[in-house]
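Protein chains: 2
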Amino acid sequence: MKLSNYFLPIIKEIPSDAKIKSHQLMIRTGMIRQSTSGIYSWLPLGFKILKKIENIVRDEQNKAGAIEMLMPTIQSAEIWKESGRYDSYGQEMLKINDRQKRELLYGPTNEELITQIFRDNIKSYKSLPLLLYHIQWKFRDEIRPRFGIMRCREFLMKDTYSFDLNEKNAEISYYKMMLSYLKTFERFNLKAIPVKADTGPIGGNLSHEFIILADTGESEIFTDSEIFNFETKLLEYNDVSLKKLSSHFSKFYSSTSDLHDVNKFQKQVPKKNQIIKKGVEVGHIFYFGQKYSKSLNAIVNTRESKSVNVYMGSYGIGVSRLVGAIIEANYNNNFMKWPKSVTPFQAVIINLGKDNDTVTIKANNLYQKLIHNKFDVILDDTDANPSSKFKNFELIGIPFQIIVGSKHHDDEFEFKELGKDSKIVNLDSLISILKEEYSNC
Amino acid sequence: MKLSNYFLPIIKEIPSDAKIKSHQLMIRTGMIRQSTSGIYSWLPLGFKILKKIENIVRDEQNKAGAIEMLMPTIQSAEIWKESGRYDSYGQEMLKINDRQKRELLYGPTNEELITQIFRDNIKSYKSLPLLLYHIQWKFRDEIRPRFGIMRCREFLMKDTYSFDLNEKNAEISYYKMMLSYLKTFERFNLKAIPVKADTGPIGGNLSHEFIILADTGESEIFTDSEIFNFETKLLEYNDVSLKKLSSHFSKFYSSTSDLHDVNKFQKQVPKKNQIIKKGVEVGHIFYFGQKYSKSLNAIVNTRESKSVNVYMGSYGIGVSRLVGAIIEANYNNNFMKWPKSVTPFQAVIINLGKDNDTVTIKANNLYQKLIHNKFDVILDDTDANPSSKFKNFELIGIPFQIIVGSKHHDDEFEFKELGKDSKIVNLDSLISILKEEYSNC
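In order, the protein sequences belong to chains A and B.
Residues 1485 to 1925, numbered by our numbering, are exactly what the first sequence covers, in order.
Residues 1485 to 1925, numbered by our numbering, are exactly what the second sequence covers, in order.
Wrong hints could be hidden among the right ones.
[What the hints assert, rightly or not] Using C-beta positions, here's what the derived DEER-type ranges look like:
#1 A:H1892 x B:N1924: 41 to 47 Å
#2 B:K1610 x A:N1605: 53 to 59 Å
#3 A:N1713 x B:S1608: 53 to 59 Å
#4 B:N1924 x A:D1742: 52 to 58 Å
#5 A:K1652 x B:E1901: 54 to 60 Å
Just so you know, these hints were derived from the structure itself, not from any lab.
The beta carbon of each residue, even a glycine, is placed where N, CA and C say it ideally should be.
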């Protein structure tokens, strides 16, 4: 992409209404613009990052055996009346009347709708276990939207629903999702831990929030530092791995403030291991058994021809919120560097030349060669002055810069990884370095 | 994918409320399920096809130089009041009040919002020309939703907006999009022609609908058969190509019924070339100049430091509707075969064996080998009887079947392209055939 053809409105000043780092950076680098309270447009830079995050979330869901589908944003009030949540959900539900005065709503979550789909289409134990997911925009009518896309009203969420024949199998599905979440967050270089949590309006018996530590987080967590000593790389979706996983995370105390038990915490966690910190919630998983399958009458026939209400769980990842969470975890002291898996561009070429001079030709040739080698790079070909080009791209946080100026020989480029010293490289080594750096993405 | 792990609810009977072919097929093959009037869930099979269509639309937009972003589904009423369309748009606009009684609406189209984004972020001619697009769910509160996803309320649309400094440049953007649309529809094997159309509630001076001929279509078109004699393959996004394009489609009479002029039609089109047919609208492009940039005050500074209201156009493709349109064009006499570019699976392996017998092992091995070779195949590993397996997959219309039974040698498979005779092939030639067949997708 050439910057002169792109749409990247940078703002020099920190916007006064943006209180947290991610909100500030997203506005300043033209990732998002608010269209009305708590509702945002994603401009090209932000959209690209959002899409990369979405694709990683999708990839890990598929690897865990979940099957993608898509439910609509607008739902009928009827099924919510059947489950009893139409009145109990509260004012965060955006209720709508259509032109025929039928009651609709903008889905804040999808337990009812997926249960209805299950009930209408699946009758036999042979179809179980089943994990269905979708990635869709949701709406919760926050009374006081703030912090940009971290606490907004319209947001992108991945939600998965599990269907099992009994509680034992349902627990396997639950830990499959827990493992898939840990693997997902690791791909963003985020250390997220599952913390025991209240089930809230979803309901149920068992629930974990996935929290990444960040001072600006709204959740407070209490846990044991040992909980972080856990590797998921070698774990697969089999019984042995899932048992390892569940036993590790049951062994150590962890809790959100809702469920926190001070005495238990003091007794169970050695003083030196006690962690009390703020964090950002990036995912939440629930096991609620037959709660919705009973109220909505979702029944399967067993091998023995008995009827059983299916056992269910639900599993959410805040896809749009992850954009903010990744920034909160990486943007410190005015320095940002995107993880390589989600950086909007793999490198920026900063052309220090003027119209049609040899430097500009060299920068253009390099751009063509990198595109030809399938790198996704942006060329700053504008007539802005050098210092403003450097400032803008340091602000954006693209991990690698290639600076093309008049100081170097024909086949030499200044290559700089953000936060490190620059070095002079030729085209071949430039290509090898980038290939190596992005080999795991 | 193994069918036993998939979610593919097939219905034997033709649903009584489904009047047109695409609606019938989509319900019967478990592609969609209605959740409430005019609002559908996309089950895995339908979702996969929808996603493939979306990705092709996206790819052709990118090739045309349009930049992707994403606007929200919910918009503030304010900007619609500024443009004057809040009252004039009519009852198809789904109006919403949030908990604070602020007026919102579910976007039926995005001219206002994109103009607001432009006005707030772009000030200089240097940023032009600009083509921005997004692919997002929209809502139009149809009084009588029908024909499944062909005339529904919540639907997926790609809409692009062009911004230019003057009318002449705006026309170039218009024909760029026209070319990109023709290229897009060709990738679905659809012959869509641009037909002069009324501008409706979008407004403006120039407008074409893209229509594919289909007896079940709701649009009636009048044109000259010569209009179809046009190749886009060699055309690129340059002045010469775009001139060829505009002169071809201006040369021949074409009109929707709204604008049809019987006398002109009779005079201009030789009797033998006259086409009066039903068709399905799959895209619509508009040039409306300064209509929204004036009402919403979107101004850029020219090179000469003058202020000019930007010249705009908008360009829509009905992404979810295309699923139906492709079926209408391909499903005849109870026979369906998906175009290779969008088939949900590239081939189906039909296992005629029983639990753990050698045939089943052979089918499983074949499945693993094809997956390993990066083919996206589905293995019917269920215990359904052979005739029902054949019936289901013929109904679905996956173009290639590989039948694994006891009749053949170890390294032999029965390979059948739908609508053709089957032949016996070994694994290597099977892989070469599939590679060859999908080489252009």
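Going down the list of hints, with the structure as the test:
no., hint, in the structure
1, A:H1892 x B:N1924: 41 to 47 Å, "43 Å, holds"
2, B:K1610 x A:N1605: 53 to 59 Å, "55 Å, holds"
3, A:N1713 x B:S1608: 53 to 59 Å, "54 Å, holds"
4, B:N1924 x A:D1742: 52 to 58 Å, "56 Å, holds"
5, A:K1652 x B:E1901: 54 to 60 Å, "45 Å, violated"
Hint 5 alone, counting from the list given before, is not met by this structure.
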